[in-house]
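K.L.:
For reference, the chains in residue letters:
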Amino acid sequence: MTDTRRAGLMLIAPATLFILVGFLLPVGVLLSGAFRTDAGWSLGNFVEFFTTPLYLDVFFRTFRLGLTVTAVAAVLGYITAIAITETSPSWRGRLVALLVLPLMISPVARTYAWLVILGRTGFLNTALQTVGLTDEPLRILFTETAVFIGLIQLFFPLMVLPLLSSLENLPRDVIPAGRVLGASWFAIFWRVILPLTREGLVVGGTLTFVGSLTAYVTPAILGGSKVLMLETLLYQRVSVANDYASAGVIAVILIAMSIATNFLLKRIATTRRAAR
Amino acid sequence: MAIRTTTLATLLGGLAAAPALAQDLTISVYGIAQDEYREALYEPFEEMCDCTLTVETGNNSERLAKLEANAAAPVIDVIAFSDAAALEAANAGLLAPLDMAQVPNAEDIYDFAKDPIGGGMALGYTFYATSTVAVAGEAQIASWTDLLSDGVVDRLALPNITTTQGPLALYMIQRALDPEAAEAGDFTGAIDLVAEHRDEIVTFYERSSQIPQLMQQGEILATAIGRFAWPGVANLPVGAEWIIPEEGQSGGLNVLAVVEGAQNVEQAHRFIDYWLSEEVQTKLAEMGADSPVNTGVELSDDQAEGLTYGADMAEQIHFLPPAVQIENREDWLAQWNEKVAR
Amino acid sequence: MKLAGHLFLAAVMLFLIGPFVIICFAGLSAGESLAFPPEGLSLRWVIRVFEIESFRSSFALSLALGIGATLFALILGIPAAYALARYDVPGGEAIRNVLTAPIIVPGIIVGLALLRHLVIPSGLGVRLALFLAHSALLIPYAVRVVSASLENLRPDIEEAAILLGTSRIGAFLRVTLPNIRNGIMAAFIIGFITSFNEVPASLFLTGPGVATLPVDMLLYMEFNFDPSIAALSGLLALMSLTVVLVAERLLGLSHYV
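Protein chains in written order, with our numbering: chain C, 1 to 276; chain U, 277 to 618; chain W, 619 to 875.
Any given hint could turn out to be false.
A few chain W residues that face chain C, going by a derived Cβ cut-off under 10 angstroms, partial list only [claimed, not checked]: (1) His624; (2) Ala644; (3) Leu646; (4) Val723; (5) Gly725; (6) Leu781.
Simulated restraints, written as ranges between beta carbons of each label pair [to be verified]: (7) C:Gly40 - W:Leu795: 14 to 24 angstroms; (8) C:Gly40 - W:Gly709: 50 to 60 angstroms; (9) C:Gly40 - U:Ala412: 56 to 66 angstroms.
By construction, these hints were calculated from the structure, which means they are not laboratory data.
Glycine is no exception: its CB is placed at the ideal position from the N, C-alpha and C atoms.
Next up, chain C with everything else stripped away, as it sits in the complex (with noise of 0.2 angstroms):
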């Protein structure tokens, strides 16, 4: 027993000493910072930051734009994987190759062809006036709104993914049961689906919770200096300023939020499990 032990130990050890002294302590030194100030160690950096009416405004944008983009990914991917799982199975293998394949491509690549599409002479806008929608070009560059499509388009495969999966695990006969007994599809959805699909959707939810809240390219390309997230003002701080302890307290906040977002989804998943 002892023998297995030490075996497992010396196979973890590189990949853990190697996390610990080559990411983790750089890290933890940088995280530290935000809790020193000239007078030593205090939370005074906490303070200001919660003070100052921008960077409260930044903190409440990436929040906020964080829950919309994941409710909405949410509620599109419980369709879309229904969807999917009603084609026949060679449909379903390229549709999820076509979820998969936007993953594999650069989110530089993926936020610039927005430019493009999104511009006041962009495709959208001119699309829009020829079908008569719209007469003057609506402005989307450069507000919350291109920063929401941005990033709705970055991580909606990440949450139609693990829907898909839960949803393949779903018995085979529970939906026509439901339809048989006379059930409407919203109470299907809401008593079987929902309830049995639950893991997917935590999964996704925190991918795109989380990838939100840290998205730098997308805020950066399509939301500019008027529509500041943490992880732009992050990088704003440092590059301009040289401010090294606001970036600390970003760095905290964003790393605080990641970790209660994962601690908080995983609980509700267990515990409704086990209620049930």
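For chain C, the structure is supplied; the task is to place chains U and W on it using the hints.
P.N.:
For chains U and W alone, coordinates are given in the frame of chain C:
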């Protein structure tokens, strides 16, 4: 005599780098147009001095930070900065006064470049104008405040306060409102005016390369940019024009300085002198790399198109004094963040 | 109902894939600036991409980084995943948390932390720092994907091999490894693509002439405005498409994402 472009890190660590020969020189410059610089300046200088030139590149704030970190054991001999960054470095004791006797070519540069940050600490090597640009016939810009007038403001991009151009644009808007306050570095009026139109303004740009795209896509009709960004705008099919409003135009000056405690002070001066020579300044200007400060440089109209060239041009520029910038920057940023950015 | 479902799927796929089609066409523009529809079609910007020196060197760096860091992450990650799956390691849960920690930390913080507290104090080269950062970011993927394959592999075939007289290492190399080969290949592809597309962590880890391809694209966009970025984006999209199609056919990559 190959030029070794080392990473910031090796320079900083110093440990890994071989000890430099007494004659060798390490310089720190902006990352732009390095191919042109190599051809017009670095390689000829290496031929001349029979030494090796090591080049570090980066923007103002990151290079200033490294300079500060290495103050005890400097690795850089000559550094290129914006005038404001140079003054900041000088105030922190990171620069050494220049010995003008060793820089005879400084006689031939524009007066405003001769001692831009005071104390004989630096010499200007290039300058640029910052003014308004608009799509011809679509936006009437007679004054800087016209940028914020109806019909223009909702198709306007202004430089963000965090860019070098940001304070320059605010300075000129403030000059239009109240020249005295502008000279004192009080931009409250300008910032309030921008804040009032905050939602209408398309964006506060952080990279002047965005401007051609925004203008070509019809996103904006007007903006304020540095002359170095003009070539990208000038040839757009929409037809943009460089407009100098009645208050004139602003601009910036980049300077060269010797680092305090530099290994090779004499060679550093020789390098600065060579950079300011008519020969090098002409070559760099002809390549479109930098606008000349040497008064002897003669350029054709074509060559001058992307540059800020000539005594007349220099005359019209209202430089924002570096001391005013340093003194007020925190205040501008705080006001901007409170009123505009949120 | 069925028709509505199909229409909805078509709309979703258009939203996901359409932008790439548009960017590909924009990259084939004959005009000077980025636009859709493009002003005529030509290959001039595609050719231009290959002429830009910094794209060539950053592509080479990204390629080397993607391969090197992924291999390194696998070399460290496979034994760790194996030990977590097969041995009763003390503090296993804590160690698993450490190994997956890099996923929780936003990339931009990784880059800044490594620059400030590893590169600057130690005089480490930027390339080495990029390698470290990417390796650390990829280890969680390696551990996760390999763990998933190991869970699907019954431990008793390995035990059987040991009972038949093979050493533990021999059993691992000859029985376990071939059986999780697809998982490792999948981990390699996912790792490579993650590294190749990584931006935030690499943003601060640049030096003169040293930048990964996506960061170099962002830098290029700072100073230039022409369809070459669109052309390059299109080329990268096509490259990814090829990798995904091949990988999907060979491995069923989508099971691991």
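K.L.:
What hint numbers does the structure not satisfy?
P.N.:
Numbers 3, 6, 7 and 8, in rising order.
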